[in-house]
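Taken in order, these protein sequences are the chains called A and B. For any residue, its number in our numbering is found by taking its place in the first sequence, counting from 1, and adding 10. For any residue, its number in our numbering is found by taking its place in the second sequence, counting from 1, and adding 230.
Keep in mind that the hints were calculated from the coordinates and are not lab data. One or more of the hints may lead you astray.
Residues on chain B that point at chain A, a partial pick, calculated with CB under 7 Å [claimed, not checked]:
{"id": "1", "residue": "Met523"}
{"id": "2", "residue": "Ala530"}
{"id": "3", "residue": "Ala574"}
{"id": "4", "residue": "Met622"}
{"id": "5", "residue": "His642"}
{"id": "6", "residue": "Tyr649"}
{"id": "7", "residue": "Ile653"}
These numbers come from a predicted model, not from an experiment. Each residue gets a CB set at the ideal place from its N, CA and C atoms; glycine is no exception.
If you want the building blocks of each chain, they are given just below.
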Amino acid sequence: MNRFTNRTIIILASLVTSVALADYTPGVEAWNIESAPPQQTVVVRNATVWTAGEQGILEQADVLVRDGEIRAVGVELDAPGNALEIDGTGMHVTPGIIDAHSHAAIIGGVNEATDISTAQVRIEDVIDSESINIYRQLAGGVTAINLLHGSANAIGGQMAVIKMRWGASPDELIFEAAAPGIKFALGENPKQSNWSNDDPRYPQSRPGVAQIIDEKFQQAVDYRQELQQMPEGRRARNVVPPRPDLEMDAIVEILEGVRKIHSHAYRADEMVMLIDIAESFGVTIGTFQHVLEGYKLARRMAEHGAGGSGFIDWWNFKHEAHDAIPYNPALMAMGGVTVGLHSDNPELARRMNLEAAKAVRYGGVDAHDALIMITANPARQLGVGNRTGRLEAGLDADFVIWNGHPLSVYSRVEQTWVDGRRYFDREADRAHRDAVEAERRELMAMVLEEGESGGEADESAAEEQTPGWLIGYRASELAHDEFCHAQDFGHVHAIDFRSGE
Amino acid sequence: MNIMTRIANTLAMAAVAYALVASPAVAQQVTALTGATVHPVEGDPIANGVVLIQGRDIAAVGVGIEIPDDATVIDLEGSHIYPGFVHPLSALGLTEISSVAGTVDNTEMGAINAALRVEVAFNHDSALLPVNVAGGILTTHTVPSGGLIRGTSAVMNMEGWSWEDMTIKAPAGMHINFPAGAASDSDNDDLKKIESVLDAARDWHKAMDAFEAGNAPRPARNAQLEALVPLLQGEMPLFLYAGQEKEINAALDWSERQEFQRVILVGGPDLQYVAERLATDGIPVILNGVYAMPTRRWEAYDMAYQAAGKLFEAGVKFAIGDGGGGFGATNARNLPFHAGSSAAFGLPKSAALKSVTLWPAEILGIEDQLGSLAAGKRASLLVTSGDPLEPMTQIRRVWIDGEEYDLGRSKHRQLFERYKGRIQTEAE
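Build out the structure end to end from the sequences listed, making use of the hints.
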C-alpha cells in the first residue's frame, strides 16, 4: 500500500471537487471522465471509409451515425439538420479496433494458477473499469477488448468482452452481445516449463495436458447426464440431485456449444490434439490464441471451424515459439481460416494498426483485408460480428477517424467513437494536458505540505506503488499473463530501457 | 580415415582453394544498381539514380555516373535504395531463445564485469541474424547487459563466417548502469561499488605508469582494472544507462564528477525532459525504445511517442533503439517502426530515417563506413518497395559489404515458402 494518509485522501478528494468546478472537468482522476459523452447524431463527410465489409474502401464517402448506430455509409448522404458535421477531407474512417486477447483491465487474478482446471472463475468479477489502459487504447483506436485469464492452467476461466466505455462501471463495460467464452491453454505454460517448481502439479507434459482436458470433458458428460436424468416434479423428491459444480457447469456449456473455447496454443501438434479431443465430444473450438504454428494446420483449422487470433511477429522467446513466423496470418487466411491479430499486451494494444500493416509486409495481404484482421474478424471470433467490426448500416457506431492511411506508421488517431459517443478526441486530449499537469502539481504541493506537517506522505509515495521504470501505475494496469513468457523477461511488457533483463 | 571423411576433406580443401582464387576477383567486381530512387540519407533522394559498388564498398552514388563495361548492371526500376539500418543497442548474436538459459549469453553473473568482451560470443550462425537482415538490420551494436559495470560492446556486421570477420569495431565502449537508487541516495551501495572500482583502476594505471617509467615494480595483474583504463583515458566512450528523469540528471552529474571524456547516455522517453541539458553539454543519447508506456500514469498517452521529436527540437544528437534484450533481439527488425512512429508525433521524417541509420553510425564512431550511401562507405543497403520506416513496405533485396545477401536464409522465409506450397497443394 502507499503511504497516503486518510487525511491526504480527503484533501485530494476535496481538491478534485474544486478543480471540477473550473472550466475543465477532469473527473476523479487525470484523463478520466465523470459521465459518458453524449450520444450524438453525427455525419463524417468526404472521408476515405474503410468498411471492413463487402463495400470495401469508399473514397470521398460519408458515415452517418444516430442513436449509437451506424445509419448509413455512402456518398453525399442526407443527414438530419441537427447532425454534427465532421469534415473528413484527407481523413480515413475505419471500424473500431477489436482486440481479442487482452489482460489490460483486470484487477489482479489474471491467472488463477492453482488447479489444472479453474473453469468456474470469471473475469467479469474482476474488471478494472478505471484502468488507464482503457483510455490509452481508445487513443489507439481500440473500441472493444476480450479480457482473458492467463495460461497457467489447461482450463483457465470465463472471459469477459468489454467495450471501451471509459468512465463507466464494470457492469456497464460488459459487451452483453458477446458469446460466452473460456480460456484454455496448451504447451509450456500449463505444463509449468519455465519457472522453478517446488511443488509440481500434474501435468508436466503435453500428453498430460491432453489427458486432463479429455478427462474433464468426460466428467462433464457424466455430470450433464446426471442432471438430465433428474426426474421432474414430485418424483424428484426421492432422488438426491448431483452436487452443484460450477466448474462442471462451465464445461457443460462448452459441450452444449454455448461457451466457446479460446485456447492459448503455439505448436501445431497441440492444436491438432485439441481439435481431435473437441471433435470427439462434438465441440467446435472458437479460436486458437497466439496460434504461432497455425500456418502448419491452416486447412485443418478451417475444416474444423476454429479461428486464429495471433501475434503478427513474436517468435523465439520460448522454445515452443521457435517456428513462429510473421507470414502466419497470410498463410492461415490462404488456408481459409478467419484470422485476427491481438495484442496480449497493454502497450502493444495502442498500435494494432501497425501490427495489421505487417500482414501487408509479410505475405502481401491486401491492406483492407489486413484491417479486417483487427476489426471484423476479431468481432466474428467473439460472437459480435453482427454488432461491430464493420462500417455498415445497423451496426454499433464504433469507429475511428485517422489523419491518414490507417495502416501507415505516420498516421494518428484523431477521434475514437463507441456507441456513437466520442470517447477520444486528440484535440481535446491536448487541451487537457496543461490542466492535468496543473492539477498534479497542486495535488503534489498539498501532499508535500501534509508530509511536512506530520503526515507520512511525500513525493515518492506515488512512485512506490509501481515497481520498475514506471511511476504511479496500479499493478492491474501493468498486469499481463505472467506465464505467457519465461519469468526472466517478464519486464518486456514495460520496456526496460537499460536492457537489464 | 574412412572414405567419407577423405571426400569431405578433399571438398573442404577445394573450397579453400576456390575461396583463395575467388576473393581477389570479388574484390574487383563492379555492380551497378540502376533505375531505383536512391535515398542516400545525406542529401535529397535521387530519382533514377545509380549506386556503383566496387568490391566491398560504394564507388559512387548519383545520376549520370559512368558505368564500366564489365559491371554487372541490375535494374531496380520501381524500387528504392536505402542504407541498411544500424541497430544502436541490441543483444543480437548473444541470444537465441531467451527462456532457454543455454542459449543466452548477453548477461553475466556478478556486478563488475569490465573485462567482458561480447564479440567473442557472437554466434555468426544465430537464426536471429538472417531474420533481422531480412528486416533491414545490417549492423548491430551488440552490448552486454546485467550488473553494474557490464563490459565492452562491439559493432558487428550481420553477415559473415565468424565473429572475427564480422567485427566492425570492438571495443565500441564500456557499459555502466547508473544505479536507480543513487539518484536520491548519495550513499548508494551500488554507486559506491562502481566508484571504488574506478578509483582502483586509476590507481592501478598510475602504478603501471610508474612501472613503465622504471620507478616501481609491476603492479599485480588485474583484468577488471586494466579493462577500465581505456575508458579513464578517454580512448573508449562510456555508455551510461539511466531510466527516469531524476536518474538521468544524477547520472550526468556523476559522470561530470568522474570526468569521463565521452559519454553516451542510454535511457527511455524521460530523456526528453533533460533535452536542454543534453544539448548544452553535447551528450549524445540512445533513446532506447519508443513503444513504451508513458513513464508516469498521469502523463499524456503519446509521451513516449513524442520523445524523439523533443530531443530533435532541442538539438540533441540521438539514435533510436528498441529496448534491446533477448526478447527485443528476436524482433530487432522492428527498429525502423520506432522511428516511424516518432515521426507521427513530431519528429521530421528525414530525421526519423537518420535516427536509425546515420546518427547511430556517428554515435558509434563508424560513420566513415556505414549509415548513409556515399562513396567509400561499405555497400550495405536495402532495396525496398517504398519507405522502409513503414511496416507495410517490403524489403526486396539486400546487399551487405558489396555482395547480395540471400534473403532465403531467413528461417521465416523458408517456412513461408514450404507451407505456402503445402496450403496450395491441399487446395488442389
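Comparing the hints with the structure gives:
Among the interface hints, the one on Met523 of chain B holds; its C-beta lies about 5 Å from the nearest C-beta in chain A, closer than the 7 Å criterion. Taking 7 Å as the C-beta contact cut-off toward chain A, the hint placing Ala530 of chain B at the interface holds, the least distance being around 5 Å. The closest approach between the C-beta of Ala574 of chain B and any C-beta of chain A is roughly 5 Å, which is under the 7 Å cut-off, so the hint is satisfied. Checking Met622 of chain B against chain A: minimum C-beta separation of about 4 Å stays under 7 Å; hint holds.
The interface hint given for His642 of chain B holds, since its Cβ lies 4 Å from the closest Cβ of chain A, which is under the 7 Å cut-off. Nearest Cβ of chain A to the Cβ of Tyr649 of chain B: about 5 Å, under the 7 Å cut. The hint holds. For the restraint placing Ile653 of chain B at the interface with chain A, the shortest Cβ-Cβ distance is roughly 5 Å, inside the 7 Å limit, so the hint holds.
Consistency note: the structure conflicts with none of the earlier hints.
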